[in-house]
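**Student:** Since each chain comes alone in its own frame, lean on the hints to assemble the complex.
Protein sequences, first through last, are from chains W and H. Counting from 1, position 61 in the first sequence corresponds to residue 61 in this note's numbering; the numbering is continuous, with no gaps. Counting from 1, position 29 in the second sequence corresponds to residue 29 in this note's numbering; the numbering is continuous, with no gaps.
It is worth saying that the hints were derived from the structure and are not from the lab. Please note that a few of the clues may not be correct.
[Unchecked claim] Label-pair distances were calculated between CB atoms; the ranges are:
{"id": "1", "chain 1": "W", "residue 1": "V138", "chain 2": "H", "residue 2": "E97", "range": "45 to 53 Å"}
{"id": "2", "chain 1": "H", "residue 1": "L55", "chain 2": "W", "residue 2": "V11", "range": "20 to 28 Å"}
{"id": "3", "chain 1": "H", "residue 1": "T101", "chain 2": "W", "residue 2": "N112", "range": "14 to 22 Å"}
{"id": "4", "chain 1": "H", "residue 1": "R92", "chain 2": "W", "residue 2": "A144", "range": "29 to 37 Å"}
Even for Gly, the Cβ is constructed at its ideal location relative to N, Cα and C.
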Amino acid sequence: MMHPGQVMFYVLSALVLVSGLLSVISRKIFRSAIFLLFSLTGIAGIYFQMQYEFLAAVQIIVYVGGIVVLIIFSIFLTQQTGTVLPAATLNRKLFAVLASALGFGFMIFQLNNHVFTSSGKNSPGPEVSEIGRQMLNVNESGYALPFEVVSILLLAAMIGCIVIALKEIRTEK
Amino acid sequence: MNEIPLSHILCVSTGLFFIGIYGFLTRRNLITILMSVELILNSVNLNFIAFNKYLYPDKPDGFFFSVFIIAIAAAEAAVAIAIIIHLYRHYRSIDVEDADTMRF
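The following block holds chain H by itself, in its conformation from the complex (with noise of 0.2 Å):
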């Protein structure tokens, strides 16, 4: 694994963000939504263990974070997807243009 240079780990995440992005913006369905953003988060997490391992060897910080960023993002998963049955059973609709009932 030494022989792979870190540039090309942060080439990967730096495309997996940007995939996750343009699902972001692309997606209208709250479930595909909310796929993109875990691709965001994988990416982050990628970084993390990439910067970890390569110069900063000897202090696993970076791996803490990637360990609580995995499980807000598991907490944050459940609650995005009550609120997004909830708003099926109200609207019978998940498409975010559909749910504009807060809209000014």
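Just chain W, with the same shape it has in the complex (with noise of 0.2 Å):
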């Protein structure tokens, strides 16, 4: 007899695998960014099965919320309606999904040949509070540094965005 929660995982990581296989295969651009959108989705609601609730806010925000919208904007931008890609060549596909069958094969040998030993009691994750605390401490195990680091990191991406679109268009085609 399984577990609802059981239940629940195995539903959800099927909805993960599935959109996001039928994103990367679907002809359609539009609809392969909404089964993306599906995708990312699904995991967000893993992340909330397993406690992390910040977390999975978190990848809804940015992923749902920021990226997946930033996608279809880009899409509206570049595609014309109704334009259906152009398939991959047979011998490309053979050989991509050689590469991936094979690897995740590798993979599935490995995770099964490996003995995880745990250390210390299941437990939900960290606090809201803790994660404040944690993320600004200049002690051990602070992160204060990474965190300042990323914030650089944004601001210079954001002035590479702006940077890039005031660009002067010179046609040479």
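**Tutor:** Below, the structure written as structure tokens:
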């Protein structure tokens, strides 16, 4: 007899994998973006199930609310409606299937052979107050330096995007 | 959640990773390549969280790695989409085969 939580996990992982696969093989680019949306939401659901609620909220805000909307906007700006993406050549498809199937088989083989030893008991994810305290901690096991580095990276990315967008267009072709 | 073995979560994230690899290798449109990269990054995040929850539940290091990966993925997607749209204004196409100015 399966626990309801287990059933939920398998349903969510089936959603993640099936919509991820559809997003990768769909020939219509807008549909593929919508399948990506479902896949990312399914991953947020798995985080919720693991009791990492803060990370699930971050996943929904950043990926679903930010990146997928950005991707859909760029699809609207660059694609004509109703166009179908060209299919990959058979050669390329064959090698891609071969590479990913071999890699997948190898990883599953390794996973089955490795024994994971857990340290300590299972517990829910960190509290939000705990996250904040450790994120801005400058002592040992604090994350103040990567936090600042990421904030500088985000600033640099924002300035870079503005510079790229402001650039003059010289049409060569 | 404790009844689910760790290897099942790792199987899901491995599957997602190689789905992303397949898309990365077959697609020729830059936006769909970016979408495959997002799938790969998400599978890595899932791995970090699974290891943190099952193997080191007393230290939230895997959690912080996931948060930083999400932040960097957001910056990467923004810059990539700026470049893609600029490329489109230049060449009227976002196919990787058409952007061959720097090819030797």
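**Student:** Take the hints in turn and mark each one as holding or not.
**Tutor:** Hint check:
no. : hint                           : in the structure
1   : W:V138 with H:E97: 45 to 53 Å  : holds, 49 Å
2   : H:L55 with W:V11: 20 to 28 Å   : holds, 25 Å
3   : H:T101 with W:N112: 14 to 22 Å : violated, 47 Å
4   : H:R92 with W:A144: 29 to 37 Å  : violated, 46 Å
Violated hints, listed in ascending order, are 3 and 4; each of the other numbered hints is respected by the structure.
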